[in-house]
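Visitor: What follows is the residue order along each chain.
2 protein chains.
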Amino acid sequence: MAEQRHHYIAVSDKTVHWGYFSRSLAPLVEVESGDLVTIETLTHQANDDAELMVRGDPGAESVFHWSATKKNVDRRIGAHICTGPVAIKGAAPGDILEVRILDVTPRPCANPLHQGKAFGSNAAGSWGFHYGDTVEEPKEREVITIYEVDATAERNWARAVYNFRWTPQTDPFGVTHALMNYPGIPVDHATIKKNHGVLKDIRVPIRPHFGVMGVAPAEADPVSSVPPNYTGGNIDNWRIGKGATMYYPVSVDGALFSVGDPHASQGDAELCGTAIECSLTGTFKLVLHKKADLPGTPLADLHYPLLETPDEWFVHGFSYPRYLTDLGADAQSAIFEKSSIDLAMRDAYRKMRHFLMTTQNLTEDEAISLMSVAADFGITQVVDGNWGVHAIIKKNIFPSRRG
Amino acid sequence: MAEQRHHYIAVSDKTVHWGYFSRSLAPLVEVESGDLVTIETLTHQANDDAELMVRGDPGAESVFHWSATKKNVDRRIGAHICTGPVAIKGAAPGDILEVRILDVTPRPCANPLHQGKAFGSNAAGSWGFHYGDTVEEPKEREVITIYEVDATAERNWARAVYNFRWTPQTDPFGVTHALMNYPGIPVDHATIKKNHGVLKDIRVPIRPHFGVMGVAPAEADPVSSVPPNYTGGNIDNWRIGKGATMYYPVSVDGALFSVGDPHASQGDAELCGTAIECSLTGTFKLVLHKKADLPGTPLADLHYPLLETPDEWFVHGFSYPRYLTDLGADAQSAIFEKSSIDLAMRDAYRKMRHFLMTTQNLTEDEAISLMSVAADFGITQVVDGNWGVHAIIKKNIFPSRRG
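Protein chains in written order, with our numbering: chain R, 7 to 409; chain L, 7 to 409.
These aren't lab readings, by the way, just hints derived from the structure by calculation.
There's no promise every hint is true.
[What the hints assert, rightly or not] 30 Å max Cα-Cα, derived BS3-like pairs, lysine-lysine:
| hint | chain 1 | residue 1 | chain 2 | residue 2 |
| --- | --- | --- | --- | --- |
| 1 | R | K400 | L | K206 |
| 2 | R | K248 | R | K200 |
| 3 | L | K400 | R | K248 |
| 4 | L | K400 | R | K206 |
| 5 | R | K200 | L | K400 |
So here's chain R without its partners, still in its complex pose (with noise of 0.2 Å):
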């Protein structure tokens, strides 16, 4: 067996995709089947407050950079920064990817002044579930809350520094955007008014995470960041952080693996649109399951996203499970005008009936009760073009089968 290699992928311009996942990136780098690999993540919200999130972090300054002649980074079609790709040796379609998640971190501010602290920023953005359904005026708002994160971890809970209502910002290329609608834009803090004090007293708790996670899918390039997929990506659920594992569907050669869109906190729903969108770095083990080696495991015929946790296992179910067929040639676009909670219901219900059948041989009468008795069902996001629905189900029911 081959020594356990541990690769350490530092994030900067030259190892980030922004806005999508795509079969034709190069991998940064090609690693074992239980390698392990510590990744860096970026927020794609931190321009949001760069003095806090930006300023003397060499990694963020080249990722962030963006002047009257040159951006650094391009993003395209969606909104988050992916470190990666990974390659998997000897992955192909049809192959299980794991990843196990051993640790997960809060990336410090780089600024002196603020030593020991995180920060991070919430966006209730024009495709939040809120936008326009509002008691005060004016109902089609945008609003930004900075979040301060404990770096060190000692602390358990998050707290409001500061919101300020979006007002047009002009890019360094001189574009102005009356909304929030290009990730990475630098808010110029003279044009602004800062609230502080807001949510006085509150302490939110803490549950890092990274919101997009997966592999690269077969079926268009690019694909936009934004709507979850079989092979997974921004999945939302704020239980994909340290000790949870993830099995994803490999769609391409090589598996392609990229994670981004790190979170300190987020309700299930992410209502407003964003999480607190806060720099982290991960450390994985990432472990290859052949096709050829499925069948007769709790693996095979797994065809959609799997979240395994000390206690759970939980499927995640989509409005539309695999959108880029399901939607044909637009799909990219029609995504964001079809989805409903009632569908991606439908195909959580589908997804744990498979699960349970498959992985704890049961009937499907068998399984529809159970899942109606012990199953819960939850409302992972409503934000991200293909809405969520997770359904979770404890490994204890089955004291004498896999654990």
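Could you slot chain L onto chain R? The hints should help.
Guide: Only chain L this time, still in chain R's reference frame:
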């Protein structure tokens, strides 16, 4: 101050109303605010196996008695056997009724062959989310699974005993029911094929709670017990058990509190149409909050059913929050055609925003950010006509406020 009294309501054909709430029912008892009341409840599915859930139990036998010439209790409109109503002295529209659930215990099987056990039935019915969407044939099948619960409550899990597929059943009046569309039909066990050994070795965690609990609505009479409403009713949140407190807007004089639809366990969504339907007895403390005393308290302006547990608050969103008025004269039939989780999510968002703004004194911008990063939205049920989404917020988020 008056002495606290403890009332006891045994379940019988004289103390239940089956399938509906009604503003014109005579109360069984009138209690003072602060009184305790212990209430026995029966599951409407008990006749799925009368040997296990009816026989030898005088209360159940009186409720389920049905011969060729006499049915002791007429079901109306809906499904659930409700015990009550209990009037609260001085209650009037605009008040809030607080219901603290002090204890919940299973109703022991009265058949001496099964001492120490209790039983429940899970019915996967034609109103279930799965119905018609199955991988096995026939796609339109109904299945009942009988579960055993430990009546001494020492064991915190239930296990399946057997299941069977529904076959046409002829009721004592001679009507044949091809579908299980009439709760209370005595199933003739000579006509069914029991499958023993189903869900072998599986332990379903126990979550005893009341599916239906609430006060009578003013807007119509009678009102089906199936769709939940702003006055509570069939909310089907499995957290409405021991240690929980519910707050209901009072709609009619006396409030007219009733409880039924007891469940030994249920998952969020109640996917197949029912839980483990299992007779239970609850002890409640009823506290009346008069309208005039509400201003300045967290209950001011509460216009929806609110759940408080030791660690969390829950608001309950519905597809139509006041469906009897939202949907006009045909509301009681229209509600079964119009529900969606998307609408219930919309309502849950508005209610959680209201809760945070009114009870925690947040601005709307603060409330929207906080619920995005710290509130979890789950699917309560998709089988009760008026579908439900609940939103959860943890109390320890507000360390310096109301605990």
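Visitor: Next, verify each hint and record whether it holds.
Guide: Now the hints, each set against the structure:
Restraint check: the Cα-Cα separation between R/K400 and L/K206 comes to about 16 Å, which is no more than 30 Å; the hinted pair holds. Taking the CA atoms of R/K248 and R/K200, the gap is near 34 Å; set against the 30 Å cutoff, the hint is violated. The suggested pairing of L/K400 with R/K248 holds, with an alpha-carbon distance near 21 Å, which does not exceed 30 Å. The straight-line distance between the Cα atoms of L/K400 and R/K206 is roughly 16 Å, inside the 30 Å bound, and the hint therefore holds.
Between the alpha carbons of R/K200 and L/K400 the distance comes to roughly 27 Å, so the proposed pair stays at or under 30 Å and holds.
Hint 2 from the earlier list is the only one contradicted by this structure; the remaining hints agree with it.
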